[in-house]
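There are 2 protein chains.
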Amino acid sequence: MRYTQLFGKTVKNVSSDLESRNAELLTKAGFVDQLTAGVYTYLPLGLRVLNRIKDIVREEMDAIGGQEILMPALTPKEPWKISGRWDDPGREVMFQFEGHGDKEYALGWTHEEIVTPLVKKFVKSYKDLPVMVYQIQDKFRNEARAKAGLLRGREFSMKDLYSFHRDEAGLVAYYEKTKQAYFNVFKRCGLDAFIVRASGGTFSKYSDEYQVLTDSGEDTIFYCSACRYAENKEVAEMKGGDKCPKCKDGTIIEARAIEVGNIFMNKTKYTDAFDFKYIDETGKPQPVMMGCYGIGPSRVMGTIAEIYNDANGLKWPASIAPCDLHLIEIKSKDEKVREQATALYGALMQTGLEVLYDDREDKGAGEKFADADLIGIPKRIVISEKTLKDESVEIKDRATGETKMVKLVDLGKELEHYFGGCGCGEEHQH
Amino acid sequence: MRYTQLFGKTVKNVSSDLESRNAELLTKAGFVDQLTAGVYTYLPLGLRVLNRIKDIVREEMDAIGGQEILMPALTPKEPWKISGRWDDPGREVMFQFEGHGDKEYALGWTHEEIVTPLVKKFVKSYKDLPVMVYQIQDKFRNEARAKAGLLRGREFSMKDLYSFHRDEAGLVAYYEKTKQAYFNVFKRCGLDAFIVRASGGTFSKYSDEYQVLTDSGEDTIFYCSACRYAENKEVAEMKGGDKCPKCKDGTIIEARAIEVGNIFMNKTKYTDAFDFKYIDETGKPQPVMMGCYGIGPSRVMGTIAEIYNDANGLKWPASIAPCDLHLIEIKSKDEKVREQATALYGALMQTGLEVLYDDREDKGAGEKFADADLIGIPKRIVISEKTLKDESVEIKDRATGETKMVKLVDLGKELEHYFGGCGCGEEHQH
Numbered sequence: 001m002r003y004t005q006l007f008g009k010t011v012k013n014v015s016s017d018l019e020s021r022n023a024e025l026l027t028k029a030g031f032v033d034q035l036t037a038g039v040y041t042y043l044p045l046g047l048r049v050l051n052r053i054k055d056i057v058r059e060e061m062d063a064i065g066g067q068e069i070l071m072p073a074l075t076p077k078e079p080w081k082i083s084g085r086w087d088d089p090g091r092e093v094m095f096q097f098e099g100h101g102d103k104e105y106a107l108g109w110t111h112e113e114i115v116t117p118l119v120k121k122f123v124k125s126y127k128d129l130p131v132m133v134y135q136i137q138d139k140f141r142n143e144a145r146a147k148a149g150l151l152r153g154r155e156f157s158m159k160d161l162y163s164f165h166r167d168e169a170g171l172v173a174y175y176e177k178t179k180q181a182y183f184n185v186f187k188r189c190g191l192d193a194f195i196v197r198a199s200g201g202t203f204s205k206y207s208d209e210y211q212v213l214t215d216s217g218e219d220t221i222f223y224c225s226a227c228r229y230a231e232n233k234e235v236a237e238m239k240g241g242d243k244c245p246k247c248k249d250g251t252i253i254e255a256r257a258i259e260v261g262n263i264f265m266n267k268t269k270y271t272d273a274f275d276f277k278y279i280d281e282t283g284k285p286q287p288v289m290m291g292c293y294g295i296g297p298s299r300v301m302g303t304i305a306e307i308y309n310d311a312n313g314l315k316w317p318a319s320i321a322p323c324d325l326h327l328i329e330i331k332s333k334d335e336k337v338r339e340q341a342t343a344l345y346g347a348l349m350q351t352g353l354e355v356l357y358d359d360r361e362d363k364g365a366g367e368k369f370a371d372a373d374l375i376g377i378p379k380r381i382v383i384s385e386k387t388l389k390d391e392s393v394e395i396k397d398r399a400t401g402e403t404k405m406v407k408l409v410d411l412g413k414e415l416e417h418y419f420g421g422c423g424c425g426e427e428h429q430h
Numbered sequence: 001m002r003y004t005q006l007f008g009k010t011v012k013n014v015s016s017d018l019e020s021r022n023a024e025l026l027t028k029a030g031f032v033d034q035l036t037a038g039v040y041t042y043l044p045l046g047l048r049v050l051n052r053i054k055d056i057v058r059e060e061m062d063a064i065g066g067q068e069i070l071m072p073a074l075t076p077k078e079p080w081k082i083s084g085r086w087d088d089p090g091r092e093v094m095f096q097f098e099g100h101g102d103k104e105y106a107l108g109w110t111h112e113e114i115v116t117p118l119v120k121k122f123v124k125s126y127k128d129l130p131v132m133v134y135q136i137q138d139k140f141r142n143e144a145r146a147k148a149g150l151l152r153g154r155e156f157s158m159k160d161l162y163s164f165h166r167d168e169a170g171l172v173a174y175y176e177k178t179k180q181a182y183f184n185v186f187k188r189c190g191l192d193a194f195i196v197r198a199s200g201g202t203f204s205k206y207s208d209e210y211q212v213l214t215d216s217g218e219d220t221i222f223y224c225s226a227c228r229y230a231e232n233k234e235v236a237e238m239k240g241g242d243k244c245p246k247c248k249d250g251t252i253i254e255a256r257a258i259e260v261g262n263i264f265m266n267k268t269k270y271t272d273a274f275d276f277k278y279i280d281e282t283g284k285p286q287p288v289m290m291g292c293y294g295i296g297p298s299r300v301m302g303t304i305a306e307i308y309n310d311a312n313g314l315k316w317p318a319s320i321a322p323c324d325l326h327l328i329e330i331k332s333k334d335e336k337v338r339e340q341a342t343a344l345y346g347a348l349m350q351t352g353l354e355v356l357y358d359d360r361e362d363k364g365a366g367e368k369f370a371d372a373d374l375i376g377i378p379k380r381i382v383i384s385e386k387t388l389k390d391e392s393v394e395i396k397d398r399a400t401g402e403t404k405m406v407k408l409v410d411l412g413k414e415l416e417h418y419f420g421g422c423g424c425g426e427e428h429q430h
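Chain order of the listed sequences is A and B. Each residue of the first sequence is one higher than the one before, counting from 1 in our numbering. Each residue of the second sequence is one higher than the one before, counting from 1 in our numbering.
Chain A on its own, in the form it takes in the complex (with noise of 0.2 Å):
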């Protein structure tokens, strides 16, 4: 991609309502730009890396059975009257309105209410279960509050993941496997999420989020040092200083940090509220155990730009950066430096790596470098008559700020140690 092609560029001043760094380094960098508060476009930049979140969840929940459905974020009224959710929490989180023919509706801020009876008209005996279908979709908040960037939006994109199962055996070998496949997830975004035990609502005593350390974190966890042994303050029985219940090794830590995600059972609260019911051998009727499991790959995003950054802008983890490589060709007055500079482009599109290529001709080597800097890609490469003088290029890693030489004729090689194959940033295989 030609930056000069680009839509969404760099921008130097940006709103004060921008309360929050994700927010600010992402619309600086020309990720997003803010409509209103909570709700965001995605330009180019930002549309690939929120893509490439999606595509991790959508394959490692794709990996323990998962199917990938799209519900309707238009939802009418009545399963939310059956679950008691219009009128509690309702329009406190909820956005109700009414539509021809005083129809009423509410935008999907959770999906259990719409997925539970669509489940139950497939699902008739023992032999049907057990079902893990999941979307990938923007979800609707009526939040009073909205500013921190993409960790709270009013509209925002969510997987949300529900099981059904036979029994409660069969729904907690599920969610366990669930737990490692989130893991996974937050591992390839380059996450370290701790496991936190937090409050479970009506049907369990206890759920299971997904928090990630960071100062700028809504949450208060209290985490082993040793062991990661975690708990929510909302439900903590430990305090900071304390010796570590579990492993009576470690000493706990009161931290801020962001909940990622949340894996939830709620066993038969809506299976009961909507009368779903199976089939057992015997022929009698049996309920059906759910569970429910939630990431918000916008979180994800607005998570790994609050962790991922230094005073200059973003530090993109390979395994979602926007692209793999930024090209600066410094202007020069010999023609050659912008022929080389467009062949190695080419050259390199021809790798399958995906490149930005700083093609400006009214911008110097400094402003260059500090877009580069701000919009995080992890290996920037510079040409320029100098470089060229001992054929060569400049390769610098935005993580480390280490800058080498390589000779153009070795280029390929260098990259292929950097990306592998495929050119991901992953270590998988594809």
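Careful, some of the hints might be misleading.
Note that identical chains are pooled: a pair holds if it fits in a single copy or bridges any two copies.
[What the hints assert, rightly or not] Straight-line Cα separation of at most 25 Å, BS3-like style, residue types lysine-lysine; simulated pairs:
#, residue 1, residue 2
1, K77, K103
2, K404, K177
3, K127, K9
Please keep in mind that the hints were generated in silico from the structure rather than gathered at the bench. Keep in mind that this is a model prediction, so the values were computed, not measured.
With chain A's structure known, arrange chain B on it following the hints.
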């Protein structure tokens, strides 16, 4: 994909609210499920078709320089007040509602009011033009009636492209490019679309609609059987039986049709409303010229379902089919049939083709054949005791009904003949 594992099976009896052929077929075949009038869930097979259509649209938009972004569906009142559309068409078309702090919102039913101020932020001078941006997103319309399945939804998928130019010549040149790109989209989806002259709104005399002939269409068009010149009845200056005014040769035919896309030159209607100007080479502010281009992927899917079917079910074009092959194992006491079917399923998956494998043990040949016809995957492969006696399988083409026996050893060659290298069912190079 194994049919026993698939979420969303064929359905015998469907609700009589489904007053359209597309909704009835897609529901019976397990592709969609109606949540409420005009609002559908996409089940796994349906989501595959929808995503393949979106991918074709995306490729064609990228090919004409469109850059993908993602704007919010939740939009504030203010930009709609500026254009005047908050009040007209207002609530007739837009879902409008309040959130916390008496803030008023509308759900996006089109995005001129959102994209124009967004692009304005990034365009200062003639050097920043043209800009072509698009998104693929669910839109919402407060339809009074929604009984046409995927053809007229209250929530529906939309690709909307917007282009911004320094002058009318630039707009017209790009408009002609999109005209061709739209043809490519419909052709690749198996649709024979007419470009139909239609009403242009305030700033243009005409717009161009893409219409596909079918009796269930909501529009009436007049077209020339020879040169394909066509006009929507709303603006038509010709009538059925006339000599064609363009080619002077063909005869004009009146027919029902479905609108699957439309393109407009809005020119300065929205750019003026948002005071969006650019600075030309002489330092003078100039008006920005705008074009808008829409295709509804969900409506395209509904249209294909309306056209590609027979009394037994759907007949998907290969390019957007949910799978390439429907493998049917006919139950046998001879365990060799299951063994060979499983081995064949594995081998087919290895080729990169998408296979739906009907592995049900409790269903006979008749029911499996009927479900295969209903689901409408282009090629059906039957493996049974009888075909294996001849070391063969039977291949049936869903569109033509032709069957032939193919030796297992020749199957690879046979499939390569149908699908080529990539298995996508299209002729082009990926």
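We went through each hint and held it up to the structure:
For a Cα distance limit of 25 Å, the shortest separation of K77 from K103 qualifies both inside one copy, at 8 Å, and across copies, at 22 Å. With identical chains, the CA atoms of K404 and K177 are never at most 25 Å apart, being 43 Å at best within one copy and 44 Å at best between copies. Taking the shortest alpha-carbon separations for K127 and K9, only the inter-copy value of 13 Å comes in at or below 25 Å, while the best intra-copy value is 54 Å.
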